[in-house]
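Trainee: Sequence:
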Amino acid sequence: AIEINAGGARCTIEDCELDCGNTESPRAILQNAVDANMRTIVRRCNILKMDNGVHAAGGLDIRDCYFHDFVRGDVPEPAPHPDGIQFEQGATNIVIVHNRIVGDAITSCVNIYNESGTQCAGVWVVNNKFSGGSYCIYGPRFAGATNIFINHNRLRGWTFNHDDVDTALINEAVGNVNDDTGAALTF
Numbered sequence: 014a015i016e017i018n019a020g021g022a023r024c025t026i027e028d029c030e031l032d033c034g035n036t037e038s039p040r041a042i043l044q045n046a047v048d049a050n051m052r053t054i055v056r057r058c059n060i061l062k063m064d065n066g067v068h069a070a071g072g073l074d075i076r077d078c079y080f081h082d083f084v085r086g087d088v089p090e091p092a093p094h095p096d097g098i099q100f101e102q103g104a105t106n107i108v109i110v111h112n113r114i115v116g117d118a119i120t121s122c123v124n125i126y127n128e129s130g131t132q133c134a135g136v137w138v139v140n141n142k143f144s145g146g147s148y149c150i151y152g153p154r155f156a157g158a159t160n161i162f163i164n165h166n167r168l169r170g171w172t173f174n175h176d177d178v179d180t181a182l183i184n185e186a187v188g189n190v191n192d193d194t195g196a197a198l199t200f
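Residue numbers for the sequence shown follow the numbering used here, so the first one is 14 and each next one is one higher.
Please note: incorrect hints may appear among the correct ones.
What the hints assert, rightly or not - If you anchor each label on the Cβ, the simulated ranges turn out as follows:
#1 118 with 59: 37 to 45 Å
#2 172 with 25: 33 to 41 Å
#3 54 with 102: 17 to 25 Å
#4 28 with 128: 29 to 37 Å
#5 23 with 131: 31 to 39 Å
#6 23 with 194: 34 to 42 Å
#7 103 with 194: 31 to 39 Å
#8 27 with 181: 34 to 42 Å
#9 194 with 16: 19 to 27 Å
Keep in mind that the hints were calculated from the coordinates and are not lab data. The C-beta atom is built at its ideal place from N, Cα and C for all residues, glycine as well.
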């Protein structure tokens, strides 16, 4: 796993495989904190065998990555609550473009902070392919989330619904489709 702490201007992770080996190392990439100058760039990575692929505090630009083979709910104990990409409370400036996230027993492909308190702002989820999860996109669900864009994604294989979001908090959601049927999806 890679752990990123505040104080650095940029961190670039590209053209690699991050295999957490289904161990208790729960996150492939963990941003602990973000300062105003920090930017984490993740490109063309194969990210596997973890509970959360990326746990982001903000300032994240992730493109062309493949997330798969998440830790299942029964291994290791206690049972994980896996997400492909999960945001911290108040995370800002998150760009998720042209990624593939595949997970059977996961909570979501993308978890936009969905608890009460300071909400996320400046989130772009564009041109991705998401398969699986209780919800492909989970959150935002509380007032205060701003500048949230979910466009041109292909979603399939969810357990409950393609999303669990408060649609009033989404600034724009166009061109999203059910990858199984080709039907348009609304948020």
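Trainee: Each hint: holds or not?
Mentor: Here is what the structure says about each hint:
1. Checked against the hint of 37 to 45 Å, the pair residue 118 and residue 59 fails, with Cβ atoms roughly 20 Å apart.
2. Under the hint 33 to 41 Å, the C-beta atoms of residue 172 and residue 25, about 35 Å apart, fit the expected range.
3. One distance hint, 17 to 25 Å for the beta-carbon pair residue 54 and residue 102, holds here, with the actual separation near 22 Å.
4. Remark: the range hint 29 to 37 Å for residue 28 to residue 128 is upheld by a beta-carbon distance near 34 Å.
5. For residue 23 and residue 131, the Cβ-Cβ distance of about 24 Å falls outside the hinted range of 31 to 39 Å, so the restraint is violated.
6. Range check, residue 23 to residue 194: Cβ separation about 41 Å, and the 34 to 42 Å hint holds.
7. Distance hint check: the CB atoms of residue 103 and residue 194 are about 36 Å apart, consistent with the given range 31 to 39 Å.
8. At roughly 37 Å, the beta-carbon separation of residue 27 and residue 181 lies within the given 34 to 42 Å, and the hint holds.
9. About 41 Å separates the C-beta atoms of residue 194 and residue 16, a value inconsistent with the hinted range of 19 to 27 Å.
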